[in-house]
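Q: Under numbering that gives the first Met the number 0, the sequence shown has 125 at position 126, and the numbering climbs by one with no breaks.
Source of the hints: derived by calculation from the structure; they are not laboratory data.
Backbone N, C-alpha and C fix where the C-beta goes; we use that ideal spot for every residue, glycine too.
Worth double-checking, as some hints may not be accurate.
[Said to hold, decoys possible] Derived pair list, reagent style EDC-like, types lysine to aspartate or glutamate, alpha-carbon separation capped at 20 Å: (1) K118 / D154; (2) K69 / D175; (3) K26 / E53; (4) K167 / E53; (5) K52 / E112; (6) K61 / D95; (7) K98 / E19; (8) K32 / D185; (9) K99 / D17.
[Claimed, not checked] Label pairs and their in silico Cβ distance ranges: (10) P192 / P166: 38 to 48 Å; (11) D95 / P192: 35 to 45 Å; (12) K181 / S85: 38 to 48 Å; (13) M139 / K167: 13 to 23 Å; (14) H169 / K98: 31 to 41 Å; (15) S49 / H146: 22 to 32 Å; (16) G191 / S122: 42 to 52 Å; (17) T25 / G131: 40 to 50 Å; (18) K87 / I155: 32 to 42 Å; (19) N71 / A124: 29 to 39 Å; (20) G111 / L132: 14 to 24 Å.
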Amino acid sequence: MSKYTKITTCADDSDGMDIEPGHKTTKYVVDEKIGQGGYGAVYRVHPDPSDGKEYAMKVEQKIERREHSKLNMEMHILKLMSSQPSEKSHFTKIIDRTKKENFFMIVMTLVGESLAELKRERSPAIFSLRTGLGVALQTMECIQELHKVGFIHRDIKPGNFAIGLPPKTHLIYILDFGIARKFTNDNNVIKGPRCQVEAFFCDLDLNDY
0 MSKYTKITTC ADDSDGMDIE PGHKTTKYVV DEKIGQGGYG AVYRVHPDPS DGKEYAMKVE
60 QKIERREHSK LNMEMHILKL MSSQPSEKSH FTKIIDRTKK ENFFMIVMTL VGESLAELKR
120 ERSPAIFSLR TGLGVALQTM ECIQELHKVG FIHRDIKPGN FAIGLPPKTH LIYILDFGIA
180 RKFTNDNNVI KGPRCQVEAF FCDLDLNDY
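Assemble the whole structure, with the sequences as input and the hints as a guide.
A: Dropping the structure here:
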């Protein structure tokens, strides 16, 4: 049974960005918001009726003028990686997907704290040599697996890696594929460079890592 005494259905005209705890979207009840970005939000949810499990629900607003859907790219990559054994995979699993009038959403494996959060909690804010080497190895494995299917992430940072929940706290997951792009063609040959690209600058805070 839900820990909320009253479950309210999410309004059909909601944009999905500020769903209150206790509100239900299709068959999932929101427990809390755990993240938000430029085009969407992430919530911790549980199914109704409850089976004791919790998931992450990622929501993206429907915006007509946007050329690429970040959520569609996320689903495409996670589907590609779904054939890997779950006990070893560095990628979350898609549990469900659906849409409302003003937003799309996917439900996926819930993970633990990001590497950025884990590092901030330490004093001093550095990993031990042993932990650092283990983190480096697993994050490189994450990137390698993504490259094997012909995609580059394009937003590699500590905040986009997270540890699993018990009993998988030893496993690191790679997250957020919204701006990932395919770098090989149908013949698995690397594509040529684009003629024009938009300039981006690295966050200065990343120098601390």
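Q: Against this structure, judge whether each hint is valid.
A: A quick look at each hint next to the structure:
Annotation: proposed proximity of K118 to D154 holds, straight-line Cα distance about 19 Å (limit 20 Å). Under the criterion of a C-alpha separation no larger than 20 Å, the hint pairing K69 with D175 is consistent with the structure, at around 9 Å. Of the supplied pair hints, the one linking K26 and E53 holds, its CA atoms being roughly 13 Å apart against a limit of 20 Å. Distance restraint check for K167 and E53: the Cα-Cα separation of roughly 15 Å lies within the 20 Å cut-off, and the hinted pair is therefore satisfied.
Restraint check: the Cα-Cα separation between K52 and E112 comes to about 18 Å, which is no more than 20 Å; the hinted pair holds. Restraint check for K61 and D95: the C-alpha separation of about 18 Å stays at or below 20 Å, so the hint holds. Restraint check for K98 and E19: satisfied, since their Cα atoms lie roughly 18 Å apart, inside the 20 Å limit. A threshold of 20 Å between alpha carbons decides the hint, and for K32 with D185 the separation of about 39 Å lies outside it, so the pair is violated.
Simply put, K99 and D17 have alpha-carbon atoms about 14 Å apart, close enough for the 20 Å limit, and the pair holds. Judged by the Cβ atoms, the range 38 to 48 Å given for P192 and P166 holds: they are separated by roughly 44 Å. For D95 and P192, the Cβ-Cβ distance of about 38 Å falls inside the hinted range of 35 to 45 Å, so the restraint holds. At about 24 Å, the beta-carbon gap between K181 and S85 misses the expected band of 38 to 48 Å.
At about 19 Å, the CB distance of M139 to K167 agrees with the hint of 13 to 23 Å. For the hinted restraint 31 to 41 Å between H169 and K98, the CB-CB distance of approximately 35 Å keeps it satisfied. Roughly 39 Å separates the CB atoms of S49 and H146, a value that falls outside the hinted 22 to 32 Å. Between G191 and S122 the Cβ separation comes to about 48 Å, which falls inside the hinted range of 42 to 52 Å.
In this structure the hint that T25 and G131 lie 40 to 50 Å apart at CB holds, the actual value being about 42 Å. Checked against the given bound of 32 to 42 Å, the beta carbons of K87 and I155, roughly 21 Å apart, lie outside it. Between N71 and A124 the C-beta distance comes to about 36 Å, which sits within the given range of 29 to 39 Å. Between G111 and L132 the CB atoms are about 20 Å apart, so this pair conforms to the stated range of 14 to 24 Å.
When held up to the earlier numbered hints, the structure conflicts with 8, 12, 15, 18 and fits the remainder.
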